Structure formats: C-alpha cells, structure tokens
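2 protein chains.
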Amino acid sequence: MAKGLPKRSDDYSAWYNELVKKADLAENSAVRGCMVIKPYGYAIWEKMQQTLDKMFKDTGHSNAYFPLLIPKSYLSKEADHVDGFAKECAVVTHYRLKNADDGSGVVVDPEAKLDEELIVRPTSETVIWSTYKNWIQSYRDLPLLVNQWANVMRWEMRTRLFLRTSEFLWQEGHTAHATKSEAVAETKQMLEVYADFAENFMGVPVVKGVKTANERFAGAVDTFCIEAMMQDGKALQAGTSHFLGQNFAKAFDVKFSDKDNKLEHVWGTSWGVSTRLMGALIMAHSDDEGLVLPPKLAPIQVVIVPIYKGQEQLDAITEKVKPIQKTLQNLGISVKFDDRDSLRPGFKFADWELKGVPVRVAMGQRDLENGTVEIARRDTKEKNTYQLDGVVETIQQLLEDIQANIFNKALDYRESHITKAESFDEFKDLLENKGGFIAAHWDGTTETEEKIKELTKATIRCIPLDNEQEDGKCILTGNPSSQRVLFAKAY
Amino acid sequence: MAKGLPKRSDDYSAWYNELVKKADLAENSAVRGCMVIKPYGYAIWEKMQQTLDKMFKDTGHSNAYFPLLIPKSYLSKEADHVDGFAKECAVVTHYRLKNADDGSGVVVDPEAKLDEELIVRPTSETVIWSTYKNWIQSYRDLPLLVNQWANVMRWEMRTRLFLRTSEFLWQEGHTAHATKSEAVAETKQMLEVYADFAENFMGVPVVKGVKTANERFAGAVDTFCIEAMMQDGKALQAGTSHFLGQNFAKAFDVKFSDKDNKLEHVWGTSWGVSTRLMGALIMAHSDDEGLVLPPKLAPIQVVIVPIYKGQEQLDAITEKVKPIQKTLQNLGISVKFDDRDSLRPGFKFADWELKGVPVRVAMGQRDLENGTVEIARRDTKEKNTYQLDGVVETIQQLLEDIQANIFNKALDYRESHITKAESFDEFKDLLENKGGFIAAHWDGTTETEEKIKELTKATIRCIPLDNEQEDGKCILTGNPSSQRVLFAKAY
Ligand SMILES: [Zn+2]
Ligand SMILES: [Zn+2]
Numbered sequence: 001m002a003k004g005l006p007k008r009s010d011d012y013s014a015w016y017n018e019l020v021k022k023a024d025l026a027e028n029s030a031v032r033g034c035m036v037i038k039p040y041g042y043a044i045w046e047k048m049q050q051t052l053d054k055m056f057k058d059t060g061h062s063n064a065y066f067p068l069l070i071p072k073s074y075l076s077k078e079a080d081h082v083d084g085f086a087k088e089c090a091v092v093t094h095y096r097l098k099n100a101d102d103g104s105g106v107v108v109d110p111e112a113k114l115d116e117e118l119i120v121r122p123t124s125e126t127v128i129w130s131t132y133k134n135w136i137q138s139y140r141d142l143p144l145l146v147n148q149w150a151n152v153m154r155w156e157m158r159t160r161l162f163l164r165t166s167e168f169l170w171q172e173g174h175t176a177h178a179t180k181s182e183a184v185a186e187t188k189q190m191l192e193v194y195a196d197f198a199e200n201f202m203g204v205p206v207v208k209g210v211k212t213a214n215e216r217f218a219g220a221v222d223t224f225c226i227e228a229m230m231q232d233g234k235a236l237q238a239g240t241s242h243f244l245g246q247n248f249a250k251a252f253d254v255k256f257s258d259k260d261n262k263l264e265h266v267w268g269t270s271w272g273v274s275t276r277l278m279g280a281l282i283m284a285h286s287d288d289e290g291l292v293l294p295p296k297l298a299p300i301q302v303v304i305v306p307i308y309k310g311q312e313q314l315d316a317i318t319e320k321v322k323p324i325q326k327t328l329q330n331l332g333i334s335v336k337f338d339d340r341d342s343l344r345p346g347f348k349f350a351d352w353e354l355k356g357v358p359v360r361v362a363m364g365q366r367d368l369e370n371g372t373v374e375i376a377r378r379d380t381k382e383k384n385t386y387q388l389d390g391v392v393e394t395i396q397q398l399l400e401d402i403q404a405n406i407f408n409k410a411l412d413y414r415e416s417h418i419t420k421a422e423s424f425d426e427f428k429d430l431l432e433n434k435g436g437f438i439a440a441h442w443d444g445t446t447e448t449e450e451k452i453k454e455l456t457k458a459t460i461r462c463i464p465l466d467n468e469q470e471d472g473k474c475i476l477t478g479n480p481s482s483q484r485v486l487f488a489k490a491y
Numbered sequence: 001m002a003k004g005l006p007k008r009s010d011d012y013s014a015w016y017n018e019l020v021k022k023a024d025l026a027e028n029s030a031v032r033g034c035m036v037i038k039p040y041g042y043a044i045w046e047k048m049q050q051t052l053d054k055m056f057k058d059t060g061h062s063n064a065y066f067p068l069l070i071p072k073s074y075l076s077k078e079a080d081h082v083d084g085f086a087k088e089c090a091v092v093t094h095y096r097l098k099n100a101d102d103g104s105g106v107v108v109d110p111e112a113k114l115d116e117e118l119i120v121r122p123t124s125e126t127v128i129w130s131t132y133k134n135w136i137q138s139y140r141d142l143p144l145l146v147n148q149w150a151n152v153m154r155w156e157m158r159t160r161l162f163l164r165t166s167e168f169l170w171q172e173g174h175t176a177h178a179t180k181s182e183a184v185a186e187t188k189q190m191l192e193v194y195a196d197f198a199e200n201f202m203g204v205p206v207v208k209g210v211k212t213a214n215e216r217f218a219g220a221v222d223t224f225c226i227e228a229m230m231q232d233g234k235a236l237q238a239g240t241s242h243f244l245g246q247n248f249a250k251a252f253d254v255k256f257s258d259k260d261n262k263l264e265h266v267w268g269t270s271w272g273v274s275t276r277l278m279g280a281l282i283m284a285h286s287d288d289e290g291l292v293l294p295p296k297l298a299p300i301q302v303v304i305v306p307i308y309k310g311q312e313q314l315d316a317i318t319e320k321v322k323p324i325q326k327t328l329q330n331l332g333i334s335v336k337f338d339d340r341d342s343l344r345p346g347f348k349f350a351d352w353e354l355k356g357v358p359v360r361v362a363m364g365q366r367d368l369e370n371g372t373v374e375i376a377r378r379d380t381k382e383k384n385t386y387q388l389d390g391v392v393e394t395i396q397q398l399l400e401d402i403q404a405n406i407f408n409k410a411l412d413y414r415e416s417h418i419t420k421a422e423s424f425d426e427f428k429d430l431l432e433n434k435g436g437f438i439a440a441h442w443d444g445t446t447e448t449e450e451k452i453k454e455l456t457k458a459t460i461r462c463i464p465l466d467n468e469q470e471d472g473k474c475i476l477t478g479n480p481s482s483q484r485v486l487f488a489k490a491y
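Chain order of the listed sequences is A and B. Its first residue numbered 1, the first sequence is counted upward by one per residue in UniProt numbering. Its first residue numbered 1, the second sequence is counted upward by one per residue in UniProt numbering.
Note that these hints are calculated values from the structure, not bench results. One or more of the hints may lead you astray.
The list makes no distinction among identical chains, and a pair is therefore deemed to hold if it is satisfied within one copy or across any two copies.
As the list claims (entries may be wrong) - Derived DSS-like pairs: lysine-lysine, alpha-carbon spacing no greater than 27 Å straight-line:
| # | residue 1 | residue 2 |
| --- | --- | --- |
| 1 | Lys296 | Lys54 |
| 2 | Lys473 | Lys453 |
| 3 | Lys133 | Lys21 |
| 4 | Lys208 | Lys457 |
| 5 | Lys47 | Lys57 |
| 6 | Lys262 | Lys250 |
| 7 | Lys47 | Lys320 |
| 8 | Lys113 | Lys77 |
| 9 | Lys336 | Lys259 |
| 10 | Lys409 | Lys420 |
| 11 | Lys428 | Lys473 |
| 12 | Lys87 | Lys113 |
| 13 | Lys420 | Lys434 |
| 14 | Lys98 | Lys453 |
| 15 | Lys87 | Lys98 |
| 16 | Lys383 | Lys348 |
| 17 | Lys57 | Lys322 |
| 18 | Lys21 | Lys57 |
Note that the structure is a prediction, hence the values are computed from the model and not measured.
Given the sequences, and given the hints that come with them, work out the whole structure.
Here it is, written out as structure tokens:
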C-alpha cells in the first residue's frame, strides 16, 4: 500500500525507489546489480514489447537470436567499440564446477579453463556482424533487417531498479544495407518509431536529436536519440538509433557484390530500447499515491470494486457488473473484478491507485438501487456517478481521455522546462533552481563539453533534429556558435 | 534449396543437420555449442511461444524475470540439485577487462576477481526459491503461479542444432502451493498443457508418463514428461513437469502461515519446454524435400506464386490474386505473394517446399483465362486446380486438413512402433531392426535400468500414466514386475 511512500517534493529519488518496490514492479536480487522483474512490472514490459514488436514488423524487420557469450577477441575488432564496451563486463573463464575436496560445496574446476575467455554480451554488434559476414554475399541479400529481444549485461557499480542495472532486458535492431543513404534512412526511421512509441503509447513527449561526438555509441558514426524529461527536471535518454557507417562491416570484413559485380562494404545501423523505459514511464507520470499508467500500457485498464455487506449484496452487484466486464473485455479492454473478500473497499481503492489502474468502477448498495456506478479516473482523481446505461462508452472515452491527458500534462511540464541561458552564470542558476533542458550556445568542442560537465554535472543531451540556426557565443568559452544545444542533468 | 539435402533413408542424422541449415532455421556460431537462430527459425519459435504463453495465462500464470547469474553457493543448497546442475556450466569469475600491456588487445583484469563466482543459469529453481522466500508469508500469497521466458546454459561437449546446444531458449514455470495435492494437480495440469500443445499445434503425438528415479530432475520428487517419436524410431523428450515436494522450500527456507497460523513449508513445481521442440517439430514431419510444417505454427501458411512472362501478365495475375491474399489475411492467415522477378517458378516451388509452407497457390496464363488457380499441399504434395470462386474456403479447409493429416500420419507411425518384447533377445532385436518404443517388463531397480542402457543404449523413456497393470518378469533379470515400461533409444 501507499503507506510509507515518500512524497516527490520531499525526496524524489526515495519516492521512485519505494514506488518501484511497493507497486510490485521490481526488486533487487541477491546478485549485485541484477534485478527481479516482478509479475506486475513484467506485465507492463510485455505490453511495451508487444507494441514495439508490432511496430518493428510493420517496418519490415524480423526477429532472430544470437549467442549470449562473445569471444573476448571480438570486442577488439572495432577500434572504438572496444573502448566503450571492453570494460565493465561479466567474464566467463571456466566451464565446469566440481565438488570441493573438503566437502564444503562446489568449486571451480581449474582444469576446465577456457582457452579464450567469453564475455556476457553488453551489446551484440560484434557477434552479429561476424554472423552477417556469412549471410551477405550479394546486393540481393540486402537490406538485412533483424531485431533481437535479449538480456544484456554491463557491470555497474551504482545501480537503480530499471534505470541502471547490471543485467537488463532490451531489444537491439541490427540492419545491413547496400547504400549509405538507405542506412541513414533506416536509422532515422527507427528513431521515429521510438518517438512514436514514447509519445503515443507511453505518453512521454520526447526531443529527437543527435548526440555529440563525446556521447556517441562506441563504434557509431552518428547516434540519434530521443530524450525525455522526468518530473524532477532531469533528462532521461529513452532510446538510441545508431548509424554505423561501414565501421562494423570493415571490422568483420562484410562485403557484398553490387549489381555491377563490384565488391563493397556493407552499411550498418543498430538501435535499441531497454527496460530503462520502465523507469521513464514510472517517473514521467506517477504521483504521491503511486503509479499513473497510460491506458495503452496498463496491464489492468479498468478495475471494478463491489462495495457490499453480505453475500446477497455481492451477488446483486456481481449480476450488474459482470455484463459490463464482459462487454469491455470483448472490446479488448482488460478488466479486473476485485471481489477479494478479506479486504475493505478503502484498502482496495488505495491498492489500485498504487498500481496505477487508469479507471476504477465502484458499485455499492445505493448505486444498485439507482442503477448507477461511481467511476474514478486515476490521473486527475476525478470521480463521477454514471447511469449503467451507456457506461461502456463512458469508460472507452475515459481511457482515451486519460491517455491524451497524461501526455499533455507531461508535454506542458516539458515545454515550461526548456529554458534559454545566455551566460554561464544563468546556466548554473537554471540548473540549480529550475532544472529541465537548458538551451545554450556551445563552441562544438569535446573539451568545453567535458569542462561544463565537470563544473555542473550537466551533459549535452542532444542537438535537436529541427534545430534553429542562430549565431551566438559559447556560454563557457565565448567562442562562436551557430546553434543552441540542449543541456540537462540526466539519469 | 533442396539441392544437396541427404535422403532420410540414407542418413537421417545428416538429413536433419542439413535441413536445419538449408531451410534457414539455425546455424552454429563462433562460440562453441551456441547457435544462431535465424529469422525463419525464430518465426516458428515465436509462434510456439505465443501459443504456449496464452495457454499458461489461460491457466492463471503470470510472467516474470529473474537474474541470469546465480551465486555458486546457491547450487549447493538443495542436495540432489547440486549433483545434477553444478557440473558443466559457464562460470563468471571476473567483472572487468583491461587493455593488455603489450597492446595485443584486451585481457582479464586480475584485480576484478569476484569474491564468489557466478554461474550462468542452467535452470532457475535456486534463484527463484531464494526470491520466493520474501514473497511468501501467508496462505494468502499462495498459489504463486509464475513463468519465465529466458535463455539458459549447460555446457555440452557434443551439440546438435536445437536438440542439444550449450545455450538454449526456454520457458520455466515455477509455482508454489499451500498443499501437496494442489502442487501435484499443478504438475499434472502443466503436463496436459504440454501434451495439448504438442498434439494439437505441433501435430506430434506424445506419450504422457512419469520418469524413473534415475531419470528424474535433480531436486524433484516426481518428474512427468511427454515423449514423442521421431521418424527414425528414436524417442525425444518434448517437455517435463516436476513435482518438487517441499525440497526447494526446505533448501531455501520458504514457509507460510496457514489459516490456523501454523508455519508450514511450501510445496513446489517447475516445468519447462525449450527450443528443443524445434528439433522435434522438424524431425517428426519433414521429408526429403524439406520441412513439413503444421499450419498452426507455420510463419507463412500460404504462398502465392505467379507464373508469367512480362509485366502485363504479372499485372493481370496480381489483380486476381491480391484480393484472395487480402481476404485470407483478414481471416488471420499469413500469406506471402512471391513476385521475386529474378527467380523461376520451379525454383520458387522448391524453395517453399524446403521451407515447409503448407499451401502453395500458383496462377499462370491458362489459369488466368480459365479463372482458376492450382493449389498444392505440402504434406501429401497433391495438386489440384480450383475455380477462383470459393478458393478462400478451399484454402481454409485445406489448412485444417493438413493440420489433421500431419498429426494422424505421425500417430500411425508411433502406433505401429510401440512393440512388446518378452525377452532380452527380442528386445535387442527390436531395438536394432525396428526401433520405436519397446514395452517391456523391468524389475524396478536403477541397477537393471543402467545395465540395459549400457548393453543397448536404450533408456526408460517413461512409465505411461494410463499404464496397464500386469504380472510379468523383467527382461534382463527375470525378477517379478507389475507393469511394462517404455524403452527407446532417445535424442
Ligand atoms: Zn519546475
Ligand atoms: Zn519402422
């Protein structure tokens, strides 16, 4: 129950951590940095998966599966990639345990040492491009449009449920193309898919942009991203789409013969979103009473709570609400009838608020007499009494309204938290006292970017795709700049 | 293409290996024993997943996700489990790589050695029951009905695509109950779900039975299984459902207070099927031309091939078949229109036969004139010409017929390959010259079971659930026996 949920205004960070646990979304496991995703949390992730999977297939992609373990030497094949990923990772060195001589349990068998260590994949470019080498010979084999749903592992020292965990679930698309322009178009198409998903399903408005060289994926020519804003004014990178140029094709010697029988290196992209989206979803909308879920991703969209004394009243209410449940379910709406008999209605109300169920329908004795129900919406907490007649249409409309309202509320917040800074003092003041995205001029150098990060903890989230060009001066160095970029403190 | 596919009668094993590769289902990766599941193979696995997932949810289960890595010490907590699983497994000993001093690449950082080694999960009972300890306090928390879709790893020395790989994909259900009878009922229910799936979706008849003590899951009180028969007369275990008793509850100290406030250990089950089912599906039905897929699991159920010369003919044919494609798709039938212009119809026919597409529709110039199409079914290779009018109903009916026929054909084969043996000589002769299941008396001892295995390579596949009781004598020892058990050589 919400009992003990800290207030966002008191301690946003503690509020998030407690909410994830109390709403039964996830918890830490006995293995450092690895989480258990609980059934209710996983049900939300499943809805995300199903939606994204359909979007990927509608844009021509197929799923496949590549090995969990990657030979250590693969990481070194792409020069930039190794710097980014051959660091904090889980290393498999042996393939057998044996009973300890002293009977104390099992120990690693020193005779079962691998000739070459294997890495639990932190991302799969290397193993996939080593496979693509055999799949691609001719232009007829292109484009190759493949996605993988998988677990990956990056050893993290400081972890937070969903936001940063050593193991996480994700999808990684890996495509191969005959031309540069086609690969660039794919990169941008997938960025649009991610933005569409974030805005129209998660209800989270995002800025589409391109990363600076410093924030680019290790091995990419360009990294595009969608950046969301949380209720505490911090940014969260919600998805990335990388144009890989010919980097991995060259590293793994992947060539194709074009229509003129000329051998060329293939052009590549990769793109991914992860269970981090769960963190974004939770932080973007929820309140001090618990989760606020967009109807399109809520595992339970409508809960019906009977308020009764005795079996007779329950039976009478059940008879009235069961047909409503049935009709809604036939419309594809997920409905829970909460007739748990050991719990009081007030407890149930608080429980479903905590769980973020968008629409709550309650029916008591007086409703029974009047032929009405009380309907409460989770986002605004508005309650109204409706006649049973037409209640299905009311609920359908309400679900649409809630989906729209959640997005609009987040959009209003985001719009009022993009602020221009004209000087470094103003920049620091905004960061400290208002938060959000700060649009400021920057001289384009990694040096300046890192200096600003060092001084303020703010990073350049992206250069927006539709960015206005204007002459200005870098807020730190005063050097000339042709456009503003978006800075923020970020998750 | 089927070119180069060995005949089953010549070399069944080579036929299988080549078929898996040529039909684009899977291939070996650079990592020993780990496979790449290619898009076409993965599309079949996705259909299996979706079907099973719905069956699990219809029986009240939810999905969740538990960590990939398991502390080494967890394996030792259940005495039998450790013997079964703490052997050939991938062991993570370090969490960081660093650049080699000599610039030769990356090496394991000796300073990043884990205090306790972590095992890539071979199965998740231990990590899940260590979690359940915190989830279960009262009888109100029971039953706990959870399933996980995941990758697991068992280091295998001899691997075969789908049938035995070091990494494989699977689902593992893990449930907790207040009473023994409820846990036993769950174990049997899931066995029925698996049998239903195997027979009614895969078209593979199975024998439901219980394993002998010797073949039991390490840590289970009873292991139930479904056993299928392949076209070479060998058995394949297609799914297992384990009644765990209170073994894991005791190992991980999972207790609940019952309605009388008494603390009791919880009763458990676990059950799983894996990408091994892909092997069963392929081997049960396919022929020398390629895959034969049951319509319910075929990624492409109908392929339409236009036979034309020039754009004008193609346009005319397209105009006729597009509405058929559309109508079928609206009925939920997946249809591919193969208008690849660089390939000849004969090549396309062979390609879709190799891929096991159940129904092929062809339309040529004469069909165009007559208002007909030629329809071929993959299972029997029958071809007939049909009027366009009513063709959708014809195809629907055909898909049902093929689904039924595939099952019946496999059932006939299975029924004609269950043979009684009354002596050990007869037993050996049957094994050598006929194969299949051999129903024979056995004295009930592990010693005899292992001796028979040593002498013949046959194992006891199961004691069928509906087994007839009859007095007899063990084929090896002559000791008294009250029932026959099923022996076979197995995958
Ligand atoms: Zn503000
Ligand atoms: Zn035979």
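We went through each hint and held it up to the structure:
Taking identical chains as interchangeable, the C-alpha atoms of Lys296 and Lys54 lie at most 27 Å apart whether they share a chain (14 Å) or sit on different chains (20 Å). Within a single copy, Lys473 and Lys453 get their C-alpha atoms as close as 18 Å, which meets the 27 Å cut-off; across copies the closest is 82 Å, which misses it. With identical chains, the CA atoms of Lys133 and Lys21 are at most 27 Å apart between copies only, with a shortest distance of 16 Å across copies and 45 Å within one. Taking the closest pair of Cα atoms, Lys208 and Lys457 come within 27 Å of each other only inside a single copy of the chain (22 Å); across copies the shortest separation is 62 Å, beyond that limit.
Taking the closest pair of Cα atoms, Lys47 and Lys57 come within 27 Å of each other both inside a single copy (15 Å) and across two copies (14 Å). Taking the closest pair of Cα atoms, Lys262 and Lys250 come within 27 Å of each other only inside a single copy of the chain (16 Å); across copies the shortest separation is 67 Å, beyond that limit. For a Cα distance limit of 27 Å, the shortest separation of Lys47 from Lys320 qualifies neither inside one copy, at 30 Å, nor across copies, at 38 Å. Taking CA atoms no more than 27 Å apart as the test, Lys113 paired with Lys77 passes in both settings, with 23 Å inside one copy and 25 Å between copies.
Taking CA atoms no more than 27 Å apart as the test, Lys336 paired with Lys259 passes between copies only; the shortest distance there is 26 Å, against 58 Å inside one copy. Proximity of Lys409 to Lys420 under the C-alpha cut-off of 27 Å is restricted to the intra-copy arrangement: shortest distance 21 Å within a copy versus 73 Å between copies. Taking CA atoms no more than 27 Å apart as the test, Lys428 paired with Lys473 passes inside one copy only; the shortest distance there is 16 Å, against 89 Å between copies. Taking the closest pair of Cα atoms, Lys87 and Lys113 come within 27 Å of each other both inside a single copy (21 Å) and across two copies (13 Å).
For a Cα distance limit of 27 Å, the shortest separation of Lys420 from Lys434 inside one copy, 12 Å, qualifies, whereas the shortest one across copies, 83 Å, does not. In this homomeric assembly, Lys98 and Lys453 come within 27 Å of each other (Cα to Cα) only across copies, at 25 Å, whereas the closest approach inside a single copy is 49 Å. When the C-alpha separation of Lys87 and Lys98 is checked against a cutoff of 27 Å, the pair qualifies only between copies, where the shortest distance is 6 Å, while the shortest distance within a copy is 29 Å. Taking the shortest alpha-carbon separations for Lys383 and Lys348, only the intra-copy value of 16 Å comes in at or below 27 Å, while the best inter-copy value is 62 Å.
In this assembly of identical chains, Lys57 and Lys322 lie within 27 Å of each other by CA distance solely across copies; the values are 21 Å between and 36 Å within a copy. In this homomeric assembly, Lys21 and Lys57 come within 27 Å of each other (Cα to Cα) only across copies, at 24 Å, whereas the closest approach inside a single copy is 34 Å.
In terms of the numbered hints stated before, the structure departs from hint 7 and from no other.
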